[in-house]
Amino acid sequence: MAFDPAAATAAYIDSLGADALAQAAAYTAGNHWLLLWNLLVSAVVAWLFVRTGVLDRLNAKLARRGLNLRAWVVAAAYFVLASLISLPWALYEEFWRERSYGRTSQPLADFLGQAGLSTAIFAVLVGLFFVGVYALMRRAGKYWWAWAGGLTAVALSSFLLAGPVVFEPLFNDYRPVPAGEVRDALVTLAGQAGVPAERIFVYDGSRQSNNFTANVSGIAGSARIAISDVAFKGASLDEVKAVTGHEIGHYVLGHVWRMVFLMSALAMVFFFLADRLFPRVARAFGSAARIDEPTGLPVLAFLMSLFFLLTQPLVNASIRHGENEADQYSLETVNLPDALATALVKTAEYRNPRPSWLQEVLFYTHPSVERRVRRAMDWKASGLRR
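Numbering (my numbering), first residue to last: 1 to 386.
Check before you lean on any hint, since a few could be wrong.
As the list claims (entries may be wrong) - No farther apart than 30 Å at their CA atoms in a straight line, the calculated lysine-lysine pairs in the DSSO-like style are these:
hint, residue 1, residue 2
1, 380, 233
2, 346, 380
3, 346, 233
It should be emphasised that the hints constitute simulated quantities derived from the structure, not laboratory data.
All chains, full assembly: derive it from the sequences and hints.
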(Lines of atoms letter the chains of each structure in order from A and count residues from 1; the text may use other names and numbers.)
(Lines give C-alpha, C1' and ligand atoms only; values in the text may rest on other atoms or scores of the structure.)
Protein backbone atom coordinates (compact mmCIF):
# COMPACT_ATOMS: atom_id res chain seq x y z
CA MET A 1 0.00 0.00 0.00
CA ALA A 2 1.30 3.46 -0.94
CA PHE A 3 2.26 5.78 1.88
CA ASP A 4 -0.48 8.35 2.58
CA PRO A 5 0.89 11.60 4.12
CA ALA A 6 -2.59 12.80 5.14
CA ALA A 7 -3.40 9.57 6.96
CA ALA A 8 0.02 9.51 8.64
CA THR A 9 -0.43 13.10 9.80
CA ALA A 10 -3.86 12.36 11.24
CA ALA A 11 -2.50 9.30 13.03
CA TYR A 12 0.29 11.32 14.64
CA ILE A 13 -2.07 14.04 15.86
CA ASP A 14 -4.70 11.56 17.05
CA SER A 15 -2.05 9.68 19.02
CA LEU A 16 -2.34 12.37 21.69
CA GLY A 17 -5.84 11.15 22.55
CA ALA A 18 -9.11 13.03 22.65
CA ASP A 19 -8.66 14.34 26.20
CA ALA A 20 -5.20 15.79 25.54
CA LEU A 21 -6.39 17.38 22.30
CA ALA A 22 -9.36 18.97 24.06
CA GLN A 23 -7.12 20.31 26.84
CA ALA A 24 -4.64 21.71 24.31
CA ALA A 25 -7.49 23.45 22.47
CA ALA A 26 -8.85 24.94 25.71
CA TYR A 27 -5.41 26.09 26.86
CA THR A 28 -4.64 27.70 23.51
CA ALA A 29 -8.01 29.45 23.26
CA GLY A 30 -7.50 30.80 26.76
CA ASN A 31 -4.12 32.19 25.74
CA HIS A 32 -5.80 34.09 22.93
CA TRP A 33 -8.32 35.68 25.28
CA LEU A 34 -5.47 36.65 27.61
CA LEU A 35 -4.20 39.02 24.93
CA LEU A 36 -7.31 41.16 25.34
CA TRP A 37 -7.28 40.86 29.11
CA ASN A 38 -3.66 42.00 29.17
CA LEU A 39 -4.62 45.11 27.23
CA LEU A 40 -7.33 45.81 29.79
CA VAL A 41 -4.84 45.36 32.63
CA SER A 42 -2.50 47.82 30.89
CA ALA A 43 -5.34 50.35 30.69
CA VAL A 44 -6.19 49.91 34.37
CA VAL A 45 -2.54 50.33 35.36
CA ALA A 46 -2.26 53.52 33.29
CA TRP A 47 -5.47 54.88 34.83
CA LEU A 48 -4.25 54.17 38.36
CA PHE A 49 -0.98 55.99 37.75
CA VAL A 50 -2.78 59.01 36.35
CA ARG A 51 -5.35 59.07 39.15
CA THR A 52 -2.80 58.74 41.97
CA GLY A 53 -0.27 61.12 40.41
CA VAL A 54 2.58 59.12 41.97
CA LEU A 55 4.94 59.76 39.05
CA ASP A 56 4.14 63.49 39.08
CA ARG A 57 5.10 63.70 42.75
CA LEU A 58 8.29 61.72 42.19
CA ASN A 59 9.20 63.90 39.22
CA ALA A 60 8.60 67.03 41.30
CA LYS A 61 10.93 65.77 44.04
CA LEU A 62 13.65 65.30 41.43
CA ALA A 63 13.16 68.73 39.89
CA ARG A 64 16.70 69.83 40.74
CA ARG A 65 18.25 66.72 39.24
CA GLY A 66 19.42 66.41 35.66
CA LEU A 67 16.86 65.56 32.98
CA ASN A 68 18.43 62.19 32.18
CA LEU A 69 18.64 61.07 35.80
CA ARG A 70 15.08 62.20 36.41
CA ALA A 71 13.86 60.32 33.33
CA TRP A 72 15.62 57.13 34.41
CA VAL A 73 14.36 57.21 38.00
CA VAL A 74 10.77 57.96 36.97
CA ALA A 75 10.80 55.30 34.24
CA ALA A 76 12.37 52.65 36.48
CA ALA A 77 9.91 53.47 39.26
CA TYR A 78 7.03 53.15 36.82
CA PHE A 79 8.08 49.68 35.69
CA VAL A 80 8.60 48.44 39.25
CA LEU A 81 5.30 49.84 40.52
CA ALA A 82 3.42 48.64 37.43
CA SER A 83 4.73 45.12 38.06
CA LEU A 84 3.57 45.28 41.68
CA ILE A 85 0.12 46.56 40.71
CA SER A 86 -0.33 43.83 38.12
CA LEU A 87 1.20 41.09 40.29
CA PRO A 88 -2.17 39.44 41.10
CA TRP A 89 -2.87 39.18 37.39
CA ALA A 90 0.62 37.86 36.68
CA LEU A 91 0.17 35.22 39.39
CA TYR A 92 -3.00 34.03 37.72
CA GLU A 93 -1.73 34.18 34.14
CA GLU A 94 1.82 32.92 34.55
CA PHE A 95 1.58 30.70 37.63
CA TRP A 96 -1.83 29.42 38.71
CA ARG A 97 -3.15 28.96 35.19
CA GLU A 98 0.04 27.25 34.04
CA ARG A 99 -0.09 24.87 37.00
CA SER A 100 -3.76 24.08 36.40
CA TYR A 101 -2.90 22.90 32.88
CA GLY A 102 0.19 21.01 34.02
CA ARG A 103 2.54 23.32 32.15
CA THR A 104 4.78 24.12 35.13
CA SER A 105 5.95 22.56 38.39
CA GLN A 106 7.81 25.65 39.58
CA PRO A 107 7.34 26.45 43.29
CA LEU A 108 5.62 29.75 44.02
CA ALA A 109 8.63 31.11 45.93
CA ASP A 110 10.92 30.45 42.96
CA PHE A 111 8.41 32.02 40.58
CA LEU A 112 8.20 35.17 42.70
CA GLY A 113 11.98 35.35 43.09
CA GLN A 114 12.57 35.10 39.35
CA ALA A 115 9.75 37.55 38.64
CA GLY A 116 11.35 40.05 41.02
CA LEU A 117 14.75 39.62 39.41
CA SER A 118 13.25 39.98 35.94
CA THR A 119 11.41 43.14 36.99
CA ALA A 120 14.59 44.67 38.42
CA ILE A 121 16.57 43.98 35.24
CA PHE A 122 13.73 45.23 33.06
CA ALA A 123 13.33 48.42 35.09
CA VAL A 124 17.02 49.25 34.88
CA LEU A 125 17.52 48.47 31.19
CA VAL A 126 14.23 49.71 29.77
CA GLY A 127 14.50 52.75 32.01
CA LEU A 128 17.83 53.52 30.34
CA PHE A 129 16.25 52.94 26.92
CA PHE A 130 13.60 55.55 27.66
CA VAL A 131 16.26 57.99 28.84
CA GLY A 132 17.52 57.78 25.25
CA VAL A 133 14.00 58.11 23.81
CA TYR A 134 13.25 61.23 25.86
CA ALA A 135 16.63 62.72 24.91
CA LEU A 136 15.77 62.19 21.24
CA MET A 137 12.39 63.84 21.75
CA ARG A 138 14.18 66.93 23.08
CA ARG A 139 17.03 67.09 20.59
CA ALA A 140 16.07 65.40 17.32
CA GLY A 141 13.15 67.64 16.39
CA LYS A 142 9.99 66.44 14.70
CA TYR A 143 11.68 63.34 13.32
CA TRP A 144 12.67 62.00 16.74
CA TRP A 145 10.54 58.89 16.08
CA ALA A 146 12.83 57.82 13.22
CA TRP A 147 15.89 58.13 15.46
CA ALA A 148 14.01 56.19 18.15
CA GLY A 149 13.62 53.31 15.69
CA GLY A 150 17.40 53.27 15.26
CA LEU A 151 17.86 53.39 19.02
CA THR A 152 15.56 50.36 19.27
CA ALA A 153 17.76 48.42 16.84
CA VAL A 154 20.87 49.23 18.89
CA ALA A 155 19.13 48.33 22.16
CA LEU A 156 17.79 45.03 20.83
CA SER A 157 21.15 44.05 19.36
CA SER A 158 22.94 44.90 22.60
CA PHE A 159 20.48 42.90 24.67
CA LEU A 160 20.72 39.91 22.33
CA LEU A 161 24.49 40.04 22.45
CA ALA A 162 24.55 40.17 26.25
CA GLY A 163 21.59 37.84 26.87
CA PRO A 164 23.29 34.41 26.79
CA VAL A 165 26.33 35.68 28.69
CA VAL A 166 24.87 38.04 31.28
CA PHE A 167 21.13 37.54 31.74
CA GLU A 168 20.07 34.00 30.85
CA PRO A 169 22.48 32.37 33.35
CA LEU A 170 20.69 34.31 36.11
CA PHE A 171 17.55 32.26 35.47
CA ASN A 172 18.80 28.88 34.26
CA ASP A 173 21.83 26.63 34.37
CA TYR A 174 23.38 26.09 30.92
CA ARG A 175 25.76 23.19 30.45
CA PRO A 176 27.42 21.51 27.47
CA VAL A 177 25.63 18.41 26.21
CA PRO A 178 26.98 15.46 28.24
CA ALA A 179 29.47 13.15 26.56
CA GLY A 180 27.89 10.20 24.76
CA GLU A 181 26.08 9.28 21.57
CA VAL A 182 23.75 12.29 21.76
CA ARG A 183 26.64 14.73 21.99
CA ASP A 184 28.52 12.93 19.23
CA ALA A 185 25.48 13.17 16.94
CA LEU A 186 24.92 16.85 17.70
CA VAL A 187 28.57 17.74 17.25
CA THR A 188 28.41 16.11 13.82
CA LEU A 189 25.28 18.09 12.90
CA ALA A 190 26.80 21.30 14.17
CA GLY A 191 30.04 20.72 12.30
CA GLN A 192 28.20 20.14 9.02
CA ALA A 193 26.47 23.50 9.44
CA GLY A 194 29.58 25.37 10.58
CA VAL A 195 28.17 25.82 14.09
CA PRO A 196 30.84 25.50 16.82
CA ALA A 197 30.14 22.46 18.98
CA GLU A 198 30.65 24.49 22.15
CA ARG A 199 27.58 26.56 21.27
CA ILE A 200 25.12 23.72 21.86
CA PHE A 201 23.82 23.52 25.44
CA VAL A 202 21.28 21.77 27.63
CA TYR A 203 19.55 23.97 30.20
CA ASP A 204 17.21 23.29 33.11
CA GLY A 205 14.08 24.57 31.38
CA SER A 206 12.01 22.31 33.63
CA ARG A 207 12.65 24.86 36.38
CA GLN A 208 10.04 27.13 34.78
CA SER A 209 8.12 24.97 32.32
CA ASN A 210 7.20 21.40 31.49
CA ASN A 211 7.04 22.26 27.79
CA PHE A 212 9.05 20.30 25.25
CA THR A 213 11.17 23.07 23.72
CA ALA A 214 14.50 24.33 22.43
CA ASN A 215 15.70 27.73 21.24
CA VAL A 216 18.37 29.84 19.63
CA SER A 217 19.51 32.94 21.50
CA GLY A 218 22.20 35.57 21.19
CA ILE A 219 23.97 37.04 18.20
CA ALA A 220 27.50 37.02 16.81
CA GLY A 221 29.94 35.55 19.32
CA SER A 222 27.29 34.96 21.98
CA ALA A 223 24.84 33.02 19.81
CA ARG A 224 23.99 29.51 21.02
CA ILE A 225 21.52 26.67 20.64
CA ALA A 226 19.89 25.52 23.87
CA ILE A 227 17.77 22.43 24.43
CA SER A 228 15.52 22.25 27.48
CA ASP A 229 16.15 19.27 29.73
CA VAL A 230 12.45 18.43 29.22
CA ALA A 231 13.15 17.81 25.54
CA PHE A 232 16.57 16.30 26.15
CA LYS A 233 15.32 13.72 28.66
CA GLY A 234 11.96 13.05 27.02
CA ALA A 235 13.11 12.53 23.45
CA SER A 236 14.74 9.74 21.50
CA LEU A 237 18.13 10.26 19.87
CA ASP A 238 16.48 10.82 16.50
CA GLU A 239 14.06 13.35 17.98
CA VAL A 240 16.92 15.29 19.58
CA LYS A 241 18.72 15.29 16.24
CA ALA A 242 15.64 16.47 14.36
CA VAL A 243 14.89 19.24 16.87
CA THR A 244 18.52 20.35 16.96
CA GLY A 245 18.53 20.41 13.18
CA HIS A 246 15.56 22.77 13.35
CA GLU A 247 17.37 25.09 15.80
CA ILE A 248 20.55 24.98 13.72
CA GLY A 249 18.34 26.12 10.84
CA HIS A 250 17.38 29.23 12.80
CA TYR A 251 21.06 29.82 13.56
CA VAL A 252 22.36 29.32 10.03
CA LEU A 253 19.57 31.26 8.34
CA GLY A 254 20.02 34.27 10.64
CA HIS A 255 16.40 34.53 11.71
CA VAL A 256 17.28 36.63 14.75
CA TRP A 257 18.43 39.47 12.50
CA ARG A 258 15.14 39.39 10.63
CA MET A 259 13.32 39.91 13.93
CA VAL A 260 15.65 42.74 14.96
CA PHE A 261 14.88 44.53 11.70
CA LEU A 262 11.13 43.93 11.96
CA MET A 263 10.84 44.99 15.60
CA SER A 264 12.93 48.11 14.96
CA ALA A 265 10.76 49.07 11.98
CA LEU A 266 7.62 48.51 14.05
CA ALA A 267 9.08 50.60 16.88
CA MET A 268 9.63 53.44 14.41
CA VAL A 269 6.01 53.21 13.26
CA PHE A 270 4.82 53.04 16.87
CA PHE A 271 6.74 56.14 17.94
CA PHE A 272 5.44 58.00 14.88
CA LEU A 273 1.83 57.11 15.73
CA ALA A 274 2.37 57.82 19.42
CA ASP A 275 3.66 61.28 18.53
CA ARG A 276 0.33 61.97 16.81
CA LEU A 277 -2.07 60.17 19.13
CA PHE A 278 -0.60 60.76 22.57
CA PRO A 279 -2.36 64.06 23.43
CA ARG A 280 -5.89 62.77 22.89
CA VAL A 281 -5.22 59.40 24.54
CA ALA A 282 -3.66 61.17 27.53
CA ARG A 283 -6.73 63.37 27.83
CA ALA A 284 -8.94 60.27 27.74
CA PHE A 285 -7.05 58.96 30.78
CA GLY A 286 -7.27 62.36 32.47
CA SER A 287 -3.55 63.09 32.14
CA ALA A 288 -2.08 66.49 31.32
CA ALA A 289 1.41 65.04 30.63
CA ARG A 290 3.15 65.56 27.32
CA ILE A 291 4.73 62.71 25.38
CA ASP A 292 8.23 64.09 26.07
CA GLU A 293 7.68 63.96 29.85
CA PRO A 294 8.52 60.76 31.78
CA THR A 295 5.31 61.26 33.77
CA GLY A 296 3.44 60.37 30.58
CA LEU A 297 5.04 56.92 30.44
CA PRO A 298 1.92 55.04 31.70
CA VAL A 299 -0.08 56.38 28.75
CA LEU A 300 2.79 55.65 26.36
CA ALA A 301 3.03 52.10 27.71
CA PHE A 302 -0.69 51.58 27.14
CA LEU A 303 -0.35 52.82 23.56
CA MET A 304 2.54 50.39 23.11
CA SER A 305 0.40 47.49 24.37
CA LEU A 306 -2.39 48.44 21.98
CA PHE A 307 -0.05 48.86 19.02
CA PHE A 308 1.72 45.54 19.47
CA LEU A 309 -1.59 43.74 19.94
CA LEU A 310 -2.80 45.15 16.62
CA THR A 311 0.45 44.29 14.84
CA GLN A 312 0.81 40.83 16.35
CA PRO A 313 -0.51 39.05 13.23
CA LEU A 314 2.32 40.65 11.22
CA VAL A 315 4.94 39.64 13.78
CA ASN A 316 3.48 36.14 14.00
CA ALA A 317 3.55 35.77 10.21
CA SER A 318 7.26 36.58 10.16
CA ILE A 319 7.98 34.10 12.95
CA ARG A 320 5.91 31.37 11.29
CA HIS A 321 7.85 31.89 8.07
CA GLY A 322 11.08 31.36 9.97
CA GLU A 323 9.71 28.23 11.65
CA ASN A 324 8.76 26.78 8.26
CA GLU A 325 12.27 27.48 6.98
CA ALA A 326 13.83 25.86 10.06
CA ASP A 327 11.62 22.77 9.66
CA GLN A 328 12.66 22.53 6.03
CA TYR A 329 16.31 22.89 7.01
CA SER A 330 15.97 20.01 9.47
CA LEU A 331 14.30 17.81 6.88
CA GLU A 332 16.93 18.56 4.25
CA THR A 333 19.98 18.17 6.50
CA VAL A 334 18.94 15.62 9.14
CA ASN A 335 16.30 13.83 7.06
CA LEU A 336 14.37 12.32 9.97
CA PRO A 337 10.75 13.21 9.11
CA ASP A 338 9.16 10.75 11.52
CA ALA A 339 11.38 11.90 14.41
CA LEU A 340 10.56 15.53 13.63
CA ALA A 341 6.86 14.62 13.56
CA THR A 342 6.90 12.84 16.92
CA ALA A 343 8.85 15.71 18.48
CA LEU A 344 6.35 18.22 17.11
CA VAL A 345 3.43 16.23 18.48
CA LYS A 346 4.90 16.66 21.96
CA THR A 347 4.59 20.44 21.55
CA ALA A 348 0.89 19.97 20.74
CA GLU A 349 0.28 19.42 24.45
CA TYR A 350 0.41 23.18 24.92
CA ARG A 351 -0.46 24.40 21.41
CA ASN A 352 -3.70 23.30 19.76
CA PRO A 353 -2.48 21.27 16.77
CA ARG A 354 -5.65 21.85 14.72
CA PRO A 355 -6.56 25.53 14.81
CA SER A 356 -8.76 27.19 12.24
CA TRP A 357 -7.04 29.09 9.45
CA LEU A 358 -8.04 32.41 11.06
CA GLN A 359 -6.77 31.38 14.50
CA GLU A 360 -3.41 30.45 13.04
CA VAL A 361 -3.10 33.71 11.09
CA LEU A 362 -4.08 35.93 14.03
CA PHE A 363 -2.53 34.20 17.03
CA TYR A 364 0.03 31.52 16.20
CA THR A 365 3.75 32.25 16.39
CA HIS A 366 4.38 28.78 14.96
CA PRO A 367 2.61 27.00 12.12
CA SER A 368 0.06 24.54 13.48
CA VAL A 369 1.52 21.22 14.52
CA GLU A 370 -0.77 19.51 12.03
CA ARG A 371 0.61 21.62 9.20
CA ARG A 372 4.20 21.01 10.30
CA VAL A 373 3.73 17.27 10.65
CA ARG A 374 2.11 17.19 7.22
CA ARG A 375 5.18 18.92 5.78
CA ALA A 376 7.35 16.19 7.33
CA MET A 377 5.10 13.45 5.96
CA ASP A 378 5.10 15.01 2.49
CA TRP A 379 8.90 15.07 2.68
CA LYS A 380 8.89 11.40 3.68
CA ALA A 381 6.59 10.55 0.79
CA SER A 382 8.80 12.38 -1.70
CA GLY A 383 11.78 10.35 -0.42
CA LEU A 384 9.90 7.08 -0.83
CA ARG A 385 9.08 7.98 -4.43
CA ARG A 386 12.72 8.70 -5.26
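- Between residue 346 and residue 233, is the straight-line Cα distance small enough, at 30 Å or below? 13 Å, holds
- Task: Starting from residue 380, check that the Cα of residue 233 is at most 30 Å away, please.
- Result: Given pair residue 380, residue 233 holds - Cα atoms ~26 Å apart, limit 30 Å.
- For the pair we were handed, residue 346 and residue 380, check the Cα-Cα distance against 30 Å. 19 Å, holds
The structure agrees with every numbered hint stated previously.
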